[in-house]
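Q: Chain by chain, the residues run as shown.
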Amino acid sequence: DAGITQSPRHKVTETGTPVTLRCHQTENHRYMYWYRQDPGHGLRLIHYSYGVKDTDKGEVSDGYSVSRSKTEDFLLTLESATSSQTSVYFCAISTTGGNSPLHFGNGTRLTVT
Amino acid sequence: GENVEQHPSTLSVQEGDSAVIKCTYSDSASNYFPWYKQELGKRPQLIIDIRSNVGEKKDQRIAVTLNKTAKHFSLHITETQPEDSAVYFCAAKEILTGGGNKLTFGTGTQLKVEL
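Listed in order, the protein sequences are those of chains D and X. In terms of this note's numbering, the first sequence opens at residue 1 and continues consecutively. In terms of this note's numbering, the second sequence opens at residue 114 and continues consecutively.
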């Protein structure tokens, strides 16, 4: 599993509340990513990080923010959750910046009611 | 940015038959193409990948082909088995501003292998 742990695994929250998802890795990889998975859309990149305090937006970043204060942790925050953010969220790492695959965590299923 | 299209969205085959899933990409600068398998409720897992300097790669019953000119790549599974039933995703890589790999994914193919 490439030493990736996502927490929580499941969460139900109400519209308008802030939510933080955590991704923890144990192998000191530089690159970390947050994707969301929705039926009919595949996996879409939300934000990514290329080092401590170095982050950038992906294609579906509106309504999300991230932080990476330590190599091992990459946090995804939904500022004010909406029903459209109901999804499965996957954290991923890549071992290098070259042609290396992404390795995914087990995912967080988030339901916004 | 990159756009990846994947077909078919569903595929049903008889056990022992072959299955082919096709993808096209838009960015000629993309140079890395992985394939992922995702079982129900699980994470996507890499099954095979190909780099743009190679036209074909095989790993046991799985093969991937790449046509850079046409911007096509395909996954071939031979002698399919029930455990091959899953959703398969293709992807193409873009290089990100800060380094690292942005994978743009296709929308997935639900493969069902029937007994």
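There could be a bad hint or two in this list.
[Claimed, not checked] Derived DMTMM-like pairs: lysine to aspartate or glutamate, alpha-carbon spacing no greater than 25 Å straight-line:
#, chain 1, residue 1, chain 2, residue 2
1, X, Lys170, X, Glu207
2, X, Lys184, X, Asp162
3, D, Lys11, X, Glu152
4, X, Lys150, D, Glu59
5, D, Lys57, X, Glu115
6, X, Lys150, X, Asp130
7, X, Lys135, D, Asp38
8, X, Lys155, D, Glu59
9, X, Lys225, X, Glu207
10, X, Lys155, D, Asp54
11, D, Lys57, X, Glu207
12, X, Lys181, X, Glu152
13, X, Lys150, D, Asp38
14, X, Lys181, X, Glu227
15, D, Lys53, D, Glu14
16, X, Lys150, X, Glu169
17, X, Lys155, D, Asp73
18, X, Lys150, X, Glu196
19, X, Lys225, D, Asp38
20, X, Lys155, D, Asp38
21, X, Lys184, D, Glu79
22, X, Lys150, X, Glu128
23, X, Lys184, D, Glu59
24, D, Lys70, D, Asp38
25, D, Lys53, X, Glu207
26, D, Lys70, D, Glu14
27, X, Lys135, X, Glu196
28, X, Lys184, X, Glu128
What the hints contain is simulated information worked out from the structure, not anything from laboratory work. Here the structure is a predicted model, which is why all the values come from computation and not from measurement.
Q: With reference to the structure, classify each hint as holding or not holding.
A: How the hints compare with the structure:
| no. | hint | result |
| --- | --- | --- |
| 1 | X:Lys170 to X:Glu207 | holds (21 Å) |
| 2 | X:Lys184 to X:Asp162 | holds (15 Å) |
| 3 | D:Lys11 to X:Glu152 | holds (21 Å) |
| 4 | X:Lys150 to D:Glu59 | holds (23 Å) |
| 5 | D:Lys57 to X:Glu115 | holds (15 Å) |
| 6 | X:Lys150 to X:Asp130 | holds (18 Å) |
| 7 | X:Lys135 to D:Asp38 | holds (21 Å) |
| 8 | X:Lys155 to D:Glu59 | holds (23 Å) |
| 9 | X:Lys225 to X:Glu207 | violated (30 Å) |
| 10 | X:Lys155 to D:Asp54 | violated (29 Å) |
| 11 | D:Lys57 to X:Glu207 | holds (14 Å) |
| 12 | X:Lys181 to X:Glu152 | violated (29 Å) |
| 13 | X:Lys150 to D:Asp38 | holds (16 Å) |
| 14 | X:Lys181 to X:Glu227 | violated (33 Å) |
| 15 | D:Lys53 to D:Glu14 | violated (29 Å) |
| 16 | X:Lys150 to X:Glu169 | holds (19 Å) |
| 17 | X:Lys155 to D:Asp73 | holds (22 Å) |
| 18 | X:Lys150 to X:Glu196 | holds (11 Å) |
| 19 | X:Lys225 to D:Asp38 | holds (20 Å) |
| 20 | X:Lys155 to D:Asp38 | holds (14 Å) |
| 21 | X:Lys184 to D:Glu79 | violated (39 Å) |
| 22 | X:Lys150 to X:Glu128 | holds (18 Å) |
| 23 | X:Lys184 to D:Glu59 | holds (22 Å) |
| 24 | D:Lys70 to D:Asp38 | violated (29 Å) |
| 25 | D:Lys53 to X:Glu207 | holds (22 Å) |
| 26 | D:Lys70 to D:Glu14 | violated (29 Å) |
| 27 | X:Lys135 to X:Glu196 | holds (20 Å) |
| 28 | X:Lys184 to X:Glu128 | violated (30 Å) |
Of the hints listed earlier, those the structure fails to meet are numbers 9, 10, 12, 14, 15, 21, 24, 26, 28, in rising order.
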